[in-house]
Amino acid sequence: MIGATGRFARDRRGSVTVEMVILFPILFAVFLMAFELGILNVRQMALARATDIAVRDVRLGAPGVADFDGFRDRICETAAIIRNCRDVLRVEMRSLPAAAWTTMTAAPKCVDRAETIDASLDFRNGVGNELMFIRVCALFQPIFPGTGLGRRLPKTAEGDYALIVTGAFVNEPAI
Numbered sequence: 001m002i003g004a005t006g007r008f009a010r011d012r013r014g015s016v017t018v019e020m021v022i023l024f025p026i027l028f029a030v031f032l033m034a035f036e037l038g039i040l041n042v043r044q045m046a047l048a049r050a051t052d053i054a055v056r057d058v059r060l061g062a063p064g065v066a067d068f069d070g071f072r073d074r075i076c077e078t079a080a081i082i083r084n085c086r087d088v089l090r091v092e093m094r095s096l097p098a099a100a101w102t103t104m105t106a107a108p109k110c111v112d113r114a115e116t117i118d119a120s121l122d123f124r125n126g127v128g129n130e131l132m133f134i135r136v137c138a139l140f141q142p143i144f145p146g147t148g149l150g151r152r153l154p155k156t157a158e159g160d161y162a163l164i165v166t167g168a169f170v171n172e173p174a175i
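Counting in the UniProt record's numbering, the sequence shown runs from 1 upward without gaps.
One should not assume that every hint holds.
[What the hints assert, rightly or not] Computed Cβ-Cβ distance ranges for the label pairs, DEER-style:
#1 G159 x P97: 33 to 43 Å
#2 I26 x P108: 40 to 50 Å
#3 G146 x M45: 24 to 34 Å
#4 T105 x E158: 18 to 28 Å
#5 G167 x I143: 26 to 36 Å
Please keep in mind that the hints were generated in silico from the structure rather than gathered at the bench. Remember, it's a predicted structure, so these values are computed and weren't measured experimentally. Note that CB positions come from ideal geometry on N, CA and C, so glycine has one too.
Using the sequences plus the hints, can you model the full thing?
What follows is the structure, given as structure tokens:
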């Protein structure tokens, strides 16, 4: 019995398997978190770029983006990576007095699937030389909701996380 135990203790076969069993879940969790973070960053970048392009069109008075639906459609066509864009996107745009230099201090408004909201009520594109603030909120489902980053992201009641883009611009004066 003592000899068999000694041979078993000296036997090196399978030692790599033990290390792999211990380290694989950790490495796999890091991979899943990195993938989730990469997708989150791509979504954020696409939303920010599409918002900048749509804001440029509004600022310059381009036709087709003067109302809420046109503005939202411009964001959605530019950010093609966002699935169901019209259903997950909420836009707030309003003028704020430049003299007081206030910003949108209220919490961002995102899509609430539980109730029907007329999102166009938060959209006022202003007139020439007016300081405008904009906030765009889009909701996304985590790809791996039960692991790492997907579990830690602040979520809505439906399990979505919000990406928010804010900005400010001055409308060009009318000629």
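Verification of the hints:
no. : hint                    : result
1   : G159 x P97: 33 to 43 Å  : holds (38 Å)
2   : I26 x P108: 40 to 50 Å  : violated (35 Å)
3   : G146 x M45: 24 to 34 Å  : holds (25 Å)
4   : T105 x E158: 18 to 28 Å : holds (26 Å)
5   : G167 x I143: 26 to 36 Å : holds (27 Å)
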